[in-house]
Amino acid sequence: MFEAIPDLDTRLVPQLRAMAYFREATPAEVERSFAAYEQGDPEQLCRVWAEVADPTRAALPPAMRFAYARAGLGPRLLNASVFLDSLRAVLEAGERFRGRLRGEVQAVLRSEFPYLERRHEHIPRGHDLSEARAFEFPEVFASYVEHGSLDDSRARWQLAVGLNEVQQCSYSEFAAQLFRLPELRRHAARERELACNYFGHWAPRCTLELWRETILVLDALNAATFELVCTQLLPRAMAPSRLFDARSRRAQWREFVAKLDTPQWLLAVPQ
Numbered sequence: 001m002f003e004a005i006p007d008l009d010t011r012l013v014p015q016l017r018a019m020a021y022f023r024e025a026t027p028a029e030v031e032r033s034f035a036a037y038e039q040g041d042p043e044q045l046c047r048v049w050a051e052v053a054d055p056t057r058a059a060l061p062p063a064m065r066f067a068y069a070r071a072g073l074g075p076r077l078l079n080a081s082v083f084l085d086s087l088r089a090v091l092e093a094g095e096r097f098r099g100r101l102r103g104e105v106q107a108v109l110r111s112e113f114p115y116l117e118r119r120h121e122h123i124p125r126g127h128d129l130s131e132a133r134a135f136e137f138p139e140v141f142a143s144y145v146e147h148g149s150l151d152d153s154r155a156r157w158q159l160a161v162g163l164n165e166v167q168q169c170s171y172s173e174f175a176a177q178l179f180r181l182p183e184l185r186r187h188a189a190r191e192r193e194l195a196c197n198y199f200g201h202w203a204p205r206c207t208l209e210l211w212r213e214t215i216l217v218l219d220a221l222n223a224a225t226f227e228l229v230c231t232q233l234l235p236r237a238m239a240p241s242r243l244f245d246a247r248s249r250r251a252q253w254r255e256f257v258a259k260l261d262t263p264q265w266l267l268a269v270p271q
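Once you know that position 93 of the sequence shown is 93 in this note's numbering, the rest is easy, because the numbers rise by one and skip nothing.
In case anyone wonders, no lab produced these hints; they're calculated from the structure.
Every value quoted in this text rests on a predicted model; they were computed, and no experiment measured them.
Possibly wrong hints are sitting among the right ones.
Okay, the calculated beta carbon distance ranges per label pair [claimed, not checked]:
| no. | residue 1 | residue 2 | range |
| --- | --- | --- | --- |
| 1 | His201 | Arg76 | 30 to 40 angstroms |
| 2 | Lys259 | His147 | 35 to 45 angstroms |
| 3 | Asp7 | Leu77 | 39 to 49 angstroms |
| 4 | Leu77 | Glu146 | 34 to 44 angstroms |
| 5 | Glu3 | Phe66 | 16 to 26 angstroms |
Where a beta carbon is used, it is the ideal one built from N, C-alpha and C, also for glycine.
Whole structure, please, built from the sequences with the hints as guidance.
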């Protein structure tokens, strides 16, 4: 049984509450999703999470919250472009993040988690944005992964990666309606497939508090991502100079949509 860090509410939570855009998970989100996780049915976990959890996972400033709720009134291409830019920023930051972990943890991730280099291959590379290159995972994420023994790191990584896909498939379903991008429902289906595959392959036994810690740390990443979108990616996408990129952005979105039905790399699931 894998456990949370000691004194979670005094050591970690104050750091997270100080982050811009951070939204603390509710007890209902934590407890009901953990109960579903313990049942050993990843599909049920995805359903429960979608029922009980706020899909956005961030606390937006009032003006941005007002605009965000009306994002569907804006150009579809703008919404599509920012969505893809944010996906790429997080995936590329994840690669850099893994490269900064302790050597023995890096070795474990490379050898025992082969899916890391094969996730979301349908997402086109796109432009080399300086904003995306500057984006990094919050420091608390490294502390989370590196806590305890290598066995702890294995379990924590599996929990984080699996639960991240649970969160993201819920968000993509929500974003499909919010942004008037119905294609994102197919993207959500791919994320749901990954969540079920990862947790079907291995669902580490953990305490409720470690489950809560995992949600908190993932929501720190979600908060950082929304800060990137709201303060950098969205203003850049709306700049007059980007109007000339419409053809390129439209081509990237079409490439993304065309690849949504291609099979994705999955782990073998024990029978």
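Hint-by-hint comparison with the structure:
1. The hint said 30 to 40 angstroms for the Cβ distance between His201 and Arg76, and at roughly 36 angstroms that hint holds.
2. For Lys259 and His147, the Cβ-Cβ distance of about 36 angstroms falls inside the hinted range of 35 to 45 angstroms, so the restraint holds.
3. One distance hint, 39 to 49 angstroms for the beta-carbon pair Asp7 and Leu77, holds here, with the actual separation near 48 angstroms.
4. As the Cβ distance of Leu77 to Glu146 is approximately 41 angstroms, the hint placing it in 34 to 44 angstroms holds.
5. A C-beta distance of roughly 41 angstroms is found between Glu3 and Phe66, which places it outside the suggested range of 16 to 26 angstroms.
Against the hints set out earlier in the document, a violation occurs for number 5 only.
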